[in-house]
Amino acid sequence: MTTWFESPEAAAARLRETGYLTDDATALTAYLAGALEKPLLVEGPAGVGKTELAKAVARATGAELVRLQCYEGLDEARALYEWNYKKQLLRIQAAGGDQSWSETHDDIFTEEFLLTRPLLGAIRRDEPTVLLVDEVDKTDIEVEGLLLEVLSDFQVTIPELGTVTATRRPFVVLTSNASRELSEAVKRRCLFLHLDYPDAERERAIVTSQVPRLDDKVVAQLVDVVVRLRDLELKKAPSIAESVDWARTLVALQVGDLDEATVARTLGVVLKHSSDQQRAARELKLATR
Amino acid sequence: MSLLDTHIGFVEALRAAGLSVSLAEGLDAISALEKVRWHDRETVRAAYAATLVKRHPQRTTFDAVFDIYYPRLIGSGVAGDGLEPAGGPQDTGPDLERFREALAEALAAGDQQALQDLAVEAVARFGAMPGRGPGLSSWSAYTSLQRVSPGELMDRLVQGLLGQGLDDEQAQRAAGRRIGDFTRLVEGDARRRIAEEKGPEHVAGVTVRPTIDRLDFTAARRSDLEEMRREIYPLARRLAARLTKEQHARRRGPLDVRRTVRASIATGGVPLTTHHRPKRPHRTDLVVLCDVSGSVANFAQFTLMLVFALREAFSGVRAFTFVDDVVEVSDSFRPGADVVEVMESLAGQISQAALWGRTNYGRALTRFAEEHPDAVGPRSSLLVLGDGRSNYSDLALPVLGDLAGRARHAWWLNPEHPRHWGTGDSAADRYGEVVSMVECRNLAQLGEFVHRIV
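Taken in sequence, the protein lines are chains X and P.
Each residue of the first sequence is one higher than the one before, starting from 101 at the first, in the working numbering.
Each residue of the second sequence is one higher than the one before, starting from 72 at the first, in the working numbering.
Don't read these hints as lab results, they were simulated from the structure.
The beta-carbon is built from N, C-alpha and C at its ideal position, and this holds for glycine as well.
Some chain X residues close to chain P (C-beta under 7 Å, calculated; not the full set): (1) Ala125; (2) Leu128; (3) Thr129; (4) Leu132; (5) Ala135; (6) Ser279; (7) Arg280; (8) Lys287; (9) Leu291; (10) His294; (11) Lys335.
With the sequences and hints as input, model every part of the structure.
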């Protein structure tokens, strides 16, 4: 059994060292996920650092990250394991006709012909592993059923080989944009964390740590504008990722002061709908171009 | 009460408030609490939240129940000894003056700790409602807020904020937010004190509001409406994602021979997987007819917003609003238009839909049939939004029957509970005989319905 983090404070400190600034609730939940060995379901708007949390945990604990990117149509063969049937066919043809059926059968359903996919791979690893199941809400309901065995018992049953149980339980992070409601069964097995936009102080810290070259005064101005933008009723409020992008843009443009003209010129970095841009320009009383 | 009793009571209260907390999750919460230190109340809250709350909208409910079962302090706390209303009226003039002075300072500084303490003091000093006997006394957030009336400090606060270099609008907004926060603190503290006196079970049942997607349109407050409006686009996005997924699942059309044969070459000519042609998705023409009179205006607007946010799922949408006359509002919904603007333009057009200003369904339906005879055809679906309260006027049932007969489908969405249908001047039951009447009281039901008709 691995200890992932010693205490919530240690979790916060070690995540901070890798450049991921958490709030207390996030650090505590990450610590609990490690201590209770339960999967962690992270939900929240796009761009608040859900995937980044899993990566940061992997970096902070020196574990390897195994990633399963979910998409519509993902199935067992691409999530768990698959038999390499082409190789099996070759094996049968190469053996010719002088082997009995049972010999052949025993032979072609062995490790050699098994293609491991992320879920099985993460369970079989002996080293510490962080398993990231990204955008789990994009999959079909059937895949959730498949996840259940993995998430609750950390084992996979392969009919021909038997049950593979994890020697060392991976730290599992599931992320979701809540585009659909996950089933109760999956949620019940997970700890839940809702990541939201950070408060102004933490956002300033994040932007400074990601883009150290930007002047502190500009960072403060930038975060101030972003916080005001989030107050407006926009179709897509700017996320942390977008604030960081904006900061990078300002560094590239060598802006020393974020005045209204600059905001108006670079608003496209943070707002991706034209109606949002118009609304922001009006509410912030920017000079329209 | 032992710690376990509190835990059980807390979980029970969460269940009563509509969170589905399973036995296993309760056990998880206990093992999570074993792993953390209890020196900080927020740690306990976060540990509970991680294990028990699995849907974000439920978080507000959870917080309210948590505050009742695990109160911040007991009585007026250590610092507040001597605040207890002793004998005669303590909320005399000078006291009130002094208190409001302190409150204005704390608001101007935005000092959270001071505000929290002041909220405790406000309830202790000005919110006590002495009862006739022991156990009958209570606390009222309303009374304390009436006495303190933080709203009157608004102007002063705005002036102070202007001095700090904010512009006028920002200052207004910041001031409004701080005063709102203080009001919430006072309400929370009154709940806490009542819970202390009468037992948490008593309070949890009465004061905890349902989550925003289960809140009745007709019971919504102003702040709730804004929150609902923010929910429209996420809801539309969720619905759209669900729709595409379902269409994909159903899109297996006839066998595509060419692709199947091509794929079979890889497996030595054995068609292990078959390929199919996609099916054309079916799209409906939607005609929405909505009552925008005062009683149901919010409901109608939400439905319109949602329908137009899902515009892509329909081949065409036309919207008409009425009070006692009909006006077409389809133009307000340009693709990609701004929510706030649309709401404003809709509100502006309401006056055009009213001739005398009293809802008259019969007249509106007749006018609609006369002026827009081409709107409803065999390929379109008709959707009427309203409570069917027609001020005892003519109902024009045959007109509606004719419209419903011409349309492919016809529904009537009613924001009232079915037990009110047909009471008073409601003609919901009689209209319900002509078109199918659907109950639609909150965002969750609205989402379900829109999903069904697409």
